[in-house]
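S.K.: Spelled out, the chains give:
Protein chains: 2
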Amino acid sequence: MEQEMENDTPIEPPARADGNTVFIGKKGTMGYVLALVTQFNNGAPEVVIKARGKLISKAVDVVEIFRNRFMATTKLKAINISTEELTSEDGSKSKVSAIEIIVQK
Amino acid sequence: MEQEMENDTPIEPPARADGNTVFIGKKGTMGYVLALVTQFNNGAPEVVIKARGKLISKAVDVVEIFRNRFMATTKLKAINISTEELTSEDGSKSKVSAIEIIVQK
Numbered sequence: 080m081e082q083e084m085e086n087d088t089p090i091e092p093p094a095r096a097d098g099n100t101v102f103i104g105k106k107g108t109m110g111y112v113l114a115l116v117t118q119f120n121n122g123a124p125e126v127v128i129k130a131r132g133k134l135i136s137k138a139v140d141v142v143e144i145f146r147n148r149f150m151a152t153t154k155l156k157a158i159n160i161s162t163e164e165l166t167s168e169d170g171s172k173s174k175v176s177a178i179e180i181i182v183q184k
Numbered sequence: 080m081e082q083e084m085e086n087d088t089p090i091e092p093p094a095r096a097d098g099n100t101v102f103i104g105k106k107g108t109m110g111y112v113l114a115l116v117t118q119f120n121n122g123a124p125e126v127v128i129k130a131r132g133k134l135i136s137k138a139v140d141v142v143e144i145f146r147n148r149f150m151a152t153t154k155l156k157a158i159n160i161s162t163e164e165l166t167s168e169d170g171s172k173s174k175v176s177a178i179e180i181i182v183q184k
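If you're matching them up, the sequences are chains Y and R in order.
80 is the number of the first residue of the first sequence in the working numbering; add one for each residue after it.
80 is the number of the first residue of the second sequence in the working numbering; add one for each residue after it.
Note that these hints are calculated values from the structure, not bench results.
Careful, some of the hints might be misleading.
SDA-like, lysine to any residue: derived pairs with alpha carbons at most 20 Å apart [stated by the list, open to error]: (1) R:Lys174 <-> Y:Asn121; (2) Y:Lys174 <-> R:Ala151; (3) Y:Lys174 <-> R:Lys174; (4) Y:Lys184 <-> Y:Leu113.
A partial selection of chain Y residues facing chain R, derived with a Cβ cut-off under 8 Å [stated by the list, open to error]: (5) Val116; (6) Gly122; (7) Ile135.
Note that CB positions come from ideal geometry on N, CA and C, so glycine has one too.
Here chain Y stands alone, though its shape is the one from the complex:
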């Protein structure tokens, strides 16, 4: 049962930024902090950080480092948690927790 919740499968390839969304994957934490900095420097009014499974902790690290070192005026518009169902290649299904943190400049 617990194993079901420990799936680290990234939603997308690491550090991919889709629109104003940063998907947390297996790259180093600072790479995602940089992605966040870049999005705001490119004029995004808000950026959504998404992560699943054990990568949720990294998502929180990314936002905290960003707030503490790069943009102290940052506001967190919302933090949402949910459960997503994954289907693996062999068709079996498992559930994984997910987080979404909406950061505003």
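Based on these hints, arrange chain R on the given structure of chain Y.
M.R.: What follows is chain R alone, placed relative to chain Y:
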């Protein structure tokens, strides 16, 4: 720099419940789900789940499992993230991300 954020030190011994707070430690996920169920069964109107470092992911798992399997009517009053400074036995300091999830019956 990233290592600073990866400290898993639990705030308190595993599964300790202090007042209406459940501190996430190194025990299995279901133990903390049970702690949450117990607190509500004992009449608590709300329970605060706290975790640090990599245990943040487990905190989200605990709340999601609780919501999905035990109390579908649960409301999340707030999800707060922060950075805490830890002092180790040798006096050195490190920073660690933290999460606080306030669950209402």
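S.K.: Determine for every hint whether it applies to the structure shown.
M.R.: Here is what the structure says about each hint:
At most 20 Å may separate the alpha-carbon atoms for a hinted pair to count; Lys174 of chain R and Asn121 of chain Y exceed this at roughly 29 Å. For the suggested pair Lys174 of chain Y and Ala151 of chain R, the alpha carbons sit about 16 Å apart, so the restraint of at most 20 Å is met. Taken as a hint, the Lys174 of chain Y and Lys174 of chain R pair is broken in the structure, with Cα atoms around 31 Å apart against an allowance of 20 Å. With a C-alpha separation of about 15 Å, the suggested pair Lys184 of chain Y and Leu113 of chain Y falls inside the 20 Å cut-off, and the hint holds.
The criterion of a C-beta within 8 Å of any C-beta in chain R is not met by Val116 of chain Y, whose closest approach is roughly 15 Å, and the hint is violated. This hint is violated: Gly122 of chain Y has a C-beta 25 Å from the nearest C-beta of chain R, more than the 8 Å allowed. This hint holds: Ile135 of chain Y has a C-beta 4 Å from the nearest C-beta of chain R, less than the 8 Å allowed.
Figure legend: structure checked against the earlier numbered hints; hints not met, in rising order: 1, 3, 5, 6.
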